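> Residue strings, one per chain:
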Amino acid sequence: MIPLSWFLILSAALFSIGLFGVMARKNAVAILLSVELMLNAVNINLVAFWRYGNIVNMAGQVFAIIVFAVAAAEVAVGLALVISVYRRFNTVVADEIDLMKW
Amino acid sequence: MTTEQILWLLPLPPLLAFVFIILFTNRWKVLSFSIAVAAAAISWIGSMVIFSRAVALHEFGKFIFQSNINWLPTGDTYLRIGVMVDPLTAVTLFFVGWTVLMIFIYSIGYHNFGKPKGDHDRAGLQPHGATVKDEHGHAHTELSVEPMFSRFFAFIGLFAFGMYTLVVSDNLLTLFVGWEIMGLCSYLLIGFWYGKPSARAAAIKAFMTTRVGDVFMLLGIVYLYSVTGTLNYREIFYNPEVLHVLGNTYTPLGISVASAIAILIFIGIIGKSAQWPLHVWLPDAMEGPTPVSAMIHAATMVSAGVYLAIRIYPLASAGGGVHNLTPAMMTMGIIGCFTALFAATIAVAQNDIKKVLAYSTISQLGFMIAALGIGAYVAAAFHLVTHAFFKALLFLGSGSVIHGVEHGALHTGEHVDPQDMFNMGGLRKKMPITFWTFLIGGLALSGFPFVTAGFWSKDEILADAFAHGQWLVFFVLVLAATLTAFYTMRQITLTFFGAPRTKAAEHAKETPWTMTLPLILLGVFAVVAGWAGIPEALTAGTIPNWFHEFVGATLFEHPEPLVFNFTPMLDSILISLGGLSLGWLVYRKVKAGDPDPLVKPMGPVHRLLRNKWYFDEFYAYFVVKPTIWMSEVFTSLWMDRMVIDGILNAVGGIIGRVGHAFRNYFDAPVVNGFGDFLGEGTKWIGKESAPLVQRGRIQGYMVASLTVIIILAVAFFFFRP
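If you read the sequences in order, they're chains A and B. Take 1170 as the starting number for the first sequence in the numbering used here and just add one per residue. Take 17 as the starting number for the second sequence in the numbering used here and just add one per residue.
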């Protein structure tokens, strides 16, 4: 059986890629994609811990499904916001959307 | 009803009458006086029932009517109050019931019930008279009805409540309550015509003077309670062990505790019974309506003082007795004797008919106090009863005389003082009923031999003094009694005999039956009341000395009857007849406008007496003025404004300064500065740093929060708590 650490390392890598994407990419759509990566890293963790823990207890899988649902909803709202921002400012570059400042 | 039930209810009817008149019937004169007189009559019936049952009881005195209840819880015991009838209470109830009822009835006529409203009468002033037209269309002035008719009956109702409470109570506390209620009513009724400045001043004077005594009396009561734990008469005055202990423990002053308490209470009696040196209020109290003078200032309230003195006699004589006078008895004896003589001398030189009677009251009360001082217990009680009857009679008679002369003055339009005896004369034919009753009262006062009540009671006091060898007391009282007979005859002669000295006196008219009926009834008592106490030796035992047997039983040790001696009785007869004839001889020929025939021969002495030994001036100068100075200058100006206000202002000023200093040098710079610094600094930092930190770049925020999280994570990892 594949050791648990492998899954965790994969998950951490995926999370770090997502984090990098969130901080480094300029395009708002790309940032959303990166957030999705981070969420999926979490899902891997949840499922892995379920598999190596008490199998009878289904909480890990259930949580993964809830995260899917939340992620889908979040993307839907996020893309809608991006479209709305694009219509207003004619751009999707995150740095240029700096309304919220002193 | 049982006797105890009647006793509890006895004071209530007059109180209810007071409440009812004040609240509901103030406007209806007929209803008001009917309620008041009915209430007095109910209490009178109750008194008579109790008196008759008491007389019928075998060995009354050893067995008495009493009933009491717990009242105030005092720690683990109770202060008990209750009602009681012993022989002394029974005879007191007898004369109180009669005089109160008579005076209530008399007041109806005195306040001119049924007469028209005055032309310009105002509440608070005496009625001035009304103009009426008779059937021939001829206008003339006549007496007008009192504007505050109902109010008067309300007040005397409250007064009667106080008096009955005092008499039936079985302890000194409820006695004191009744005592003070009467003090209040005395104040209200002396100041009844409050529109007159003199009446107001007299009311205040009476209240303040009696207050001086009452403070000491309250001290005495508290002292008694603290040493015995009870205020019940029976438990103290009828209890030889308690009296023995009190009489043989000594205060630091060197007199026994019993004497000290008795003297303190006696000071209250001095105030209430107008003994020297607190006598000054009683003559001024004559400003009140005459029924008030008769009831409060002759028959009941001032008698209550003597009643209390008789009550506390066992205490005053504890540790001593008739042959070994205690300090308290000596105090009573000295003050009583001095007052008796001193007031009698003043009465000789007064011209106001009521003032003469007022001083005569003081003098007679002095007789009773002096009698107690020499241990003549029964004689004092006897004189108290007879005096209440004949003095009430005399006062009511004088009111009737004044009324008659007022009628004459209004009729003729002559402006004379209706109370000045030198404006009267010859009223014998105009006012026959008043004359005959007044004559009976006057003869009783001067002790006219064998017939009148005053003779027997006064004789008993003199006989007591004689039998116990109190020569000084005997001599002083004989002198006072001579003067009494003299000024009484002077009064009767000036008022009723000779020719009228003014037109007002010439047109005087007999007063209505409501006034003369009480005079007649009281006149009967002024004669027969004395027959209850005729010395047995005189009648060879055919008439028992009922009064001595009955009242003597109040004491635990029954006082022994006197050995009869003809000398004092002969003296009584001589001084009475001598004084009376002297008064007649001197005053029978006074013409209109003549001065008092005594002015010339007595010279400055007469002036001294007429001015009441200058006691008012003396008090005004040495008591009232220093008191006013004390209050206005010393207390108000110096102590209050300067010292106390000064200290307060200084404290306030210093604290104000300290506060200012704190504010200026600590609060403003330090506390406020720090607070402002925090706020301003934060603001400044925010203002300066916001453009740098908050640039609106989401990814920048992300980096910042991540950095912080990493730092915190590292910190938690290495420095785990």
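Derived by calculation from the structure, the hints in this document are not laboratory data. Note that the structure is a prediction, hence the values are computed from the model and not measured. Don't take every hint at face value.
[As the list claims (entries may be wrong)] Chain B is faced by these chain A residues, among others (derived, beta-carbon under 8 Å):
#: 1; residue: Gly1190
#: 2; residue: Met1192
#: 3; residue: Val1261
#: 4; residue: Asp1267
#: 5; residue: Leu1268
#: 6; residue: Lys1270
We put the CB at the ideal spot given by N, CA and C, even for glycine.
> Please go over all the hints and tell whether each is borne out by the structure.
Now for the hints, and whether the structure bears them out:
Checking Gly1190(A) against chain B by beta carbon gives a least distance of about 10 Å; that is not within 8 Å, so the hint is violated. About 6 Å separates the beta-carbon of Met1192(A) from the nearest beta-carbon of chain B, less than 8 Å, and the hint is met. Look at Val1261(A): its Cβ only gets to about 13 Å from chain B, farther than 8 Å, so that hint breaks. Because the closest C-beta pair between Asp1267(A) and chain B is about 3 Å apart, less than 8 Å, the hint holds.
Evaluation of the Leu1268(A) hint against chain B yields a held restraint, the C-beta minimum of about 6 Å falling below 8 Å. At its closest, the beta carbon of Lys1270(A) sits 3 Å from a beta carbon of chain B; the interface hint therefore holds under the 8 Å criterion.
Checked against the numbered hints above, the structure breaks hints 1 and 3 and satisfies the rest.
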